[in-house]
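**Q** Sequence:
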Amino acid sequence: MKLWLKRFFVLIVTIMSLGFYVPPLNLEINADTNGNETESEKKSLDNSTTYIYEPSIYLDEVESYQITETDPVDELIEQAKEQMIQKLGPKIHEQIEDDVKEQVIPNLELVVANLIDTKYADQDFNLSIIENKVSGYGEKIFDLYDEDSEEIIAKFHVRRENRPLDGYWFNFHYHLAQDQFETHYEFADVYWSKDTPPKWMSKKLD
1 MKLWLKRFFV LIVTIMSLGF YVPPLNLEIN ADTNGNETES EKKSLDNSTT
51 YIYEPSIYLD EVESYQITET DPVDELIEQA KEQMIQKLGP KIHEQIEDDV
101 KEQVIPNLEL VVANLIDTKY ADQDFNLSII ENKVSGYGEK IFDLYDEDSE
151 EIIAKFHVRR ENRPLDGYWF NFHYHLAQDQ FETHYEFADV YWSKDTPPKW
201 MSKKLD
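Numbered according to the working numbering, the sequence shown spans residues 1 to 206.
If you're looking for bench data, these hints aren't it; they were derived computationally from the structure.
Ideal placement from N, C-alpha and C gives every residue a C-beta, glycine not left out.
Be a bit skeptical, because a hint or two may be false.
Unchecked claim - In the DSS-like style, the derived pairs of lysine-lysine whose C-alpha atoms are separated by at most 30 Å in a straight line are:
| id | residue 1 | residue 2 |
| --- | --- | --- |
| 1 | K101 | K203 |
| 2 | K140 | K119 |
| 3 | K203 | K91 |
| 4 | K203 | K133 |
| 5 | K81 | K140 |
| 6 | K133 | K81 |
| 7 | K203 | K81 |
| 8 | K194 | K81 |
| 9 | K204 | K155 |
| 10 | K81 | K101 |
| 11 | K101 | K194 |
| 12 | K204 | K119 |
| 13 | K91 | K81 |
To be verified - FRET-style restraints, in silico, Cβ to Cβ:
| id | residue 1 | residue 2 | range |
| --- | --- | --- | --- |
| 14 | P164 | Q79 | 31 to 39 Å |
| 15 | D148 | E78 | 17 to 25 Å |
| 16 | P106 | V134 | 18 to 26 Å |
| 17 | D124 | E161 | 35 to 43 Å |
| 18 | P164 | P72 | 40 to 48 Å |
| 19 | Y191 | I152 | 40 to 48 Å |
| 20 | D195 | S128 | 36 to 44 Å |
| 21 | N126 | P164 | 28 to 36 Å |
| 22 | Y137 | E97 | 19 to 27 Å |
| 23 | S149 | D99 | 28 to 36 Å |
| 24 | N107 | D195 | 22 to 30 Å |
| 25 | P164 | Y120 | 16 to 24 Å |
Whenever a hint applies, use it, and build me the whole structure from the sequences.
**A** Following this line, the structure appears as structure tokens:
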């Protein structure tokens, strides 16, 4: 057999025995798959929404909020002031409003506060205002009533006085139960004019 034919025959046998070297395709596929999955996961992380817990913006306000209770003395004084203004009526109050603000109301506040402090000191009290104001020419404004003892402890009045050569005045005063309401305790004196004042609780003319 010729030499070149033998070499050809050996080459054919070698190829048939060992085969051609082919790289494993499954490894490339797996590599591509893993790469795609990694890229997909990365995109998912990039696109995901991050939620961060933060305390409520109102938390500090809630913690600092304090429940305040109405002072019973202040509440009683407010009721007394309201009764006083209603007693005068719009027509009278409009003309003496400055005197009421500067003299009548401040002194009324002091009187009510002092009565409570003197009679009850540091004790609890249960007082109320009995509306007793009348229109026309009557003096009565309100009574200070003790709910526990069921007794009136003070009466508040306003009296109109015609003083010769001077004109009309409104005298604000109160009476105490301790002397059977005999003594007048004045707390304000307000000048009207020489003209006769309107009746109590008179409304302004439109």
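**Q** So does D195 sit 36 to 44 Å from S128, Cβ to Cβ?
**A** holds (37 Å)
**Q** Keeping to a limit of 30 Å between CA atoms, is the pair of K101 and K194 held or broken?
**A** holds (22 Å)
**Q** With 40 to 48 Å as the target window, see if Y191 and I152 comply at their CB atoms.
**A** Violated: the Cβ-Cβ distance is about 30 Å, outside 40 to 48 Å.
**Q** Between K203 and K91, is the straight-line Cα distance small enough, at 30 Å or below?
**A** Cα-Cα ~5 Å, so holds.
**Q** Confirm or reject the claim that N107 and D195 have a C-beta distance inside 22 to 30 Å.
**A** holds (25 Å)
**Q** Please check whether S149 and D99 have a Cβ separation lying inside 28 to 36 Å.
**A** About 35 Å separates the Cβ atoms of S149 and D99, which means 28 to 36 Å holds.
**Q** Lying within 40 to 48 Å: is that true of the beta-carbon distance P164 to P72?
**A** holds (44 Å)
**Q** For the pair N126 and P164, does the Cβ-Cβ distance stay inside 28 to 36 Å?
**A** violated (45 Å)
**Q** Sort out whether K81 lies within 30 Å of K194, counting only the CA atoms.
**A** holds (27 Å)
**Q** Starting from K204, check that the Cα of K119 is at most 30 Å away, please.
**A** violated (40 Å)
**Q** Going straight from one Cα to the other, do K91 and K81 come out at no more than 30 Å?
**A** Judged against 30 Å, a Cα distance of about 17 Å means the pair holds.
**Q** Has the given pair, K203 with K81, been kept, meaning a C-alpha gap of at most 30 Å?
**A** holds (18 Å)
Checked against the numbered hints above, the structure violates hints 12, 19, 21 and 25; every other hint is satisfied.
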